[in-house]
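Chains as they are written, first to last, in my numbering: chain B, 797 to 901; chain R, 797 to 901; chain V, 797 to 901; chain Z, 797 to 901; chain E, 797 to 901; chain U, 797 to 901.
Please note that a few of the clues may not be correct.
[As the list claims (entries may be wrong)] Here are the simulated DSS-like cross-link-like pairs (lysine-lysine), alpha carbons at most 27 Å apart as the crow flies:
#1 E/Lys860 to Z/Lys873
#2 U/Lys828 to U/Lys869
#3 E/Lys873 to E/Lys860
#4 Z/Lys821 to V/Lys819
#5 U/Lys828 to E/Lys821
#6 B/Lys846 to B/Lys828
#7 R/Lys869 to U/Lys828
#8 Z/Lys828 to E/Lys821
#9 B/Lys889 to B/Lys828
#10 U/Lys889 to Z/Lys860
#11 B/Lys861 to Z/Lys828
#12 U/Lys828 to V/Lys861
#13 U/Lys860 to R/Lys846
#14 U/Lys846 to U/Lys869
#15 V/Lys846 to V/Lys828
#16 V/Lys869 to R/Lys860
[Said to hold, decoys possible] Negatives, chain R to chain E, calculated, CB over 10 Å:
#17 Glu820
#18 Gly827
#19 Asp884
#20 Lys889
Don't read these hints as lab results, they were simulated from the structure.
Quick reminder that beta carbons are idealized off the backbone N, C-alpha and C, glycines included.
Each chain, written out:
Number of protein chains: 6
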Amino acid sequence: MVYLTRIEHFNAAHKLYNPNWTKEKNNEVFGKCANENWHGHNFELYVTIKGQPDPETGFIYDAKKLGGIIQEKIVEKLDHRNLNVDVDFMQGKLCSIENLVVGIW
Amino acid sequence: MVYLTRIEHFNAAHKLYNPNWTKEKNNEVFGKCANENWHGHNFELYVTIKGQPDPETGFIYDAKKLGGIIQEKIVEKLDHRNLNVDVDFMQGKLCSIENLVVGIW
Amino acid sequence: MVYLTRIEHFNAAHKLYNPNWTKEKNNEVFGKCANENWHGHNFELYVTIKGQPDPETGFIYDAKKLGGIIQEKIVEKLDHRNLNVDVDFMQGKLCSIENLVVGIW
Amino acid sequence: MVYLTRIEHFNAAHKLYNPNWTKEKNNEVFGKCANENWHGHNFELYVTIKGQPDPETGFIYDAKKLGGIIQEKIVEKLDHRNLNVDVDFMQGKLCSIENLVVGIW
Amino acid sequence: MVYLTRIEHFNAAHKLYNPNWTKEKNNEVFGKCANENWHGHNFELYVTIKGQPDPETGFIYDAKKLGGIIQEKIVEKLDHRNLNVDVDFMQGKLCSIENLVVGIW
Amino acid sequence: MVYLTRIEHFNAAHKLYNPNWTKEKNNEVFGKCANENWHGHNFELYVTIKGQPDPETGFIYDAKKLGGIIQEKIVEKLDHRNLNVDVDFMQGKLCSIENLVVGIW
């Protein structure tokens with residue numbers, strides 16, 4: 797079995813903020829990450845697939861096609877966006893890196 | 797002469813947007829960077845100083861003190877902030893990396 | 797299940813030296829790492845935890861608290877230290893990276 | 797159980813080309829990677845071993861010896877070579893990174 | 797004055813070989829880099845420009861346009877190519893990194 | 797004019813300690829870096845040369861020879877050493893990175 801990891805990048809704004817809490821509690825729990833006016837990061841997304849190499853191509857899957865799928869399905873929606881506001885699958889969720897990974901998955 | 801570079805980090809949101817232009821012109825010139833709801837980056841700030849080592853300490857300047865000054869004067873104002881909204885020395889300027897560097901300087 | 801890795805850094809001196817062996821045997825087995833007067837490294841410690849994101853915070857565990865625990869329990873004891881001499885849990889053990897990892901764990 | 801990863805480097809030329817296909821089909825499937833006159837990369841090879849530290853040395857295996865074995869058995873055959881032409885265990889195979897990893901293994 | 801560096805990447809094959817010398821002399825001077833069947837590398841090209849930020853855009857020059865020019869004029873000619881064989885401005889020159897940089901310039 | 801930078805690595809122990817000061821003053825000025833039992837780092841040494849490429853070799857200077865000279869004259873003396881104790885050109889000097897660079901130069 798061979799594993800292949802494709803890395804893609806995106807840049808986005810977000811904040812950590814639970815709307816059911818007071819501003820004070822948000823600041824206490826999330827600190828600077830709760831800044832009302834947003835902050836942001838560069839993100840690196842590692843996508844790993846596994847399989848047997850195809851004898852015709854030597855590929856378990858065409859890495860460029862994989863990159864294209866990640867671009868179309870994920871990066872297009874996240875890059876240069878506001879993760880809390882602009883991303884459909886993050887609506888109504890705490891915008892942590894954990895929930896983002898679950899949402900991407 | 798010895799050069800010493802101190803690297804500090806901060807994470808911030810921003811957008812590239814010229815308020816004297818239409819939304820269309822902003823999108824044309826700045827592309828995805830003009831996204832109304834902000835996007836963000838990790839930033840690395842390199843500060844380089846030069847001098848002769850002090851014979852008593854071997855330092856041209858105490859790198860920890862330099863780090864402290866950068867933290868207090870710069871990172872404190874930029875980290876987990878919105879560069880367009882929250883930063884005094886960026887008010888009324890295009891929020892490009894070039895203008896940010898000039899502002900820090 | 798979500799995995800989260802926190803990376804912390806420390807700088808320390810050590811040597812590889814088995815006191816039950818002659819100096820010659822130590823040099824033969826450990827080479828330059830046996831240098832009597834110590835040598836040193838920058839170390840990067842990767843601590844990985846796994847869990848389900850808490851719906852209130854989006855966190856599997858607060859990464860800053862995790863960082864604080866690693867600082868207090870591990871980095872405080874190792875950073876800018878001599879791993880052979882200054883670290884309680886390395887007493888009487890060969891000071892290899894493998895034993896250090898086991899000791900930290 | 798302790799895991800130890802040794803990283804070695806090599807630089808090599810290759811191309812992705814299936815001799816059973818037309819030139820057009822190769823260009824279609826492999827794109828620029830099919831360039832007749834070769835292209836090349838820097839490669840990083842991660843070899844991971846696991847075991848219990850030996851109480852005499854603190855090692856699960858001497859990392860320098862491991863490096864020497866990788867040098868002798870693998871890097872010697874691949875570094876500054878043409879992976880399609882110069883490497884015995886890649887003869888008659890598509891020269892993808894997946895097949896290279898399987899061949900090294 | 798503000799400096800801005802754009803980094804672009806390409807992957808290419810090459811060899812170091814002086815056709816006026818014997819094979820022995822080439823091996824003696826260039827070692828493994830003289831391998832007849834080529835070897836290859838990943839290359840990173842740093843292009844630095846300087847200027848004053850334009851008050852309308854905040855840019856000294858549009859970094860994406862700069863990237864496009866580098867792609868069109870340089871990377872297009874070098875990426876997934878054989879630097880000795882496929883690149884017009886390297887014909888008849890020793891294919892060293894120094895001559896490549898001069899050629900790009 | 798072409799610039800070429802060669803990077804070499806070494807690992808060493810050191811401490812920052814001025815023998816003309818009390819232990820308290822050393823701790824105050826140098827903090828954890830004054831730890832009596834040493835600490836250590838990985839070091840990266842960047843050596844930059846400049847010149848015109850030789851038409852015969854394409855080199856401004858053979859980078860492997862340059863590496864060999866750095867190994868012989870510098871790394872051999874510093875790698876897996878105690879910079880305060882084992883290195884002739886650091887005797888009687890504060891063992892700061894600035895003085896180390898001046899000493900190497």
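Hint by hint, which ones does this structure get wrong, listed from lowest number up?
Checked against the structure, the hints that fail are numbers 1, 2, 4, 5, 6, 8, 10, 13, 15, 18 and 20, while the rest are satisfied.
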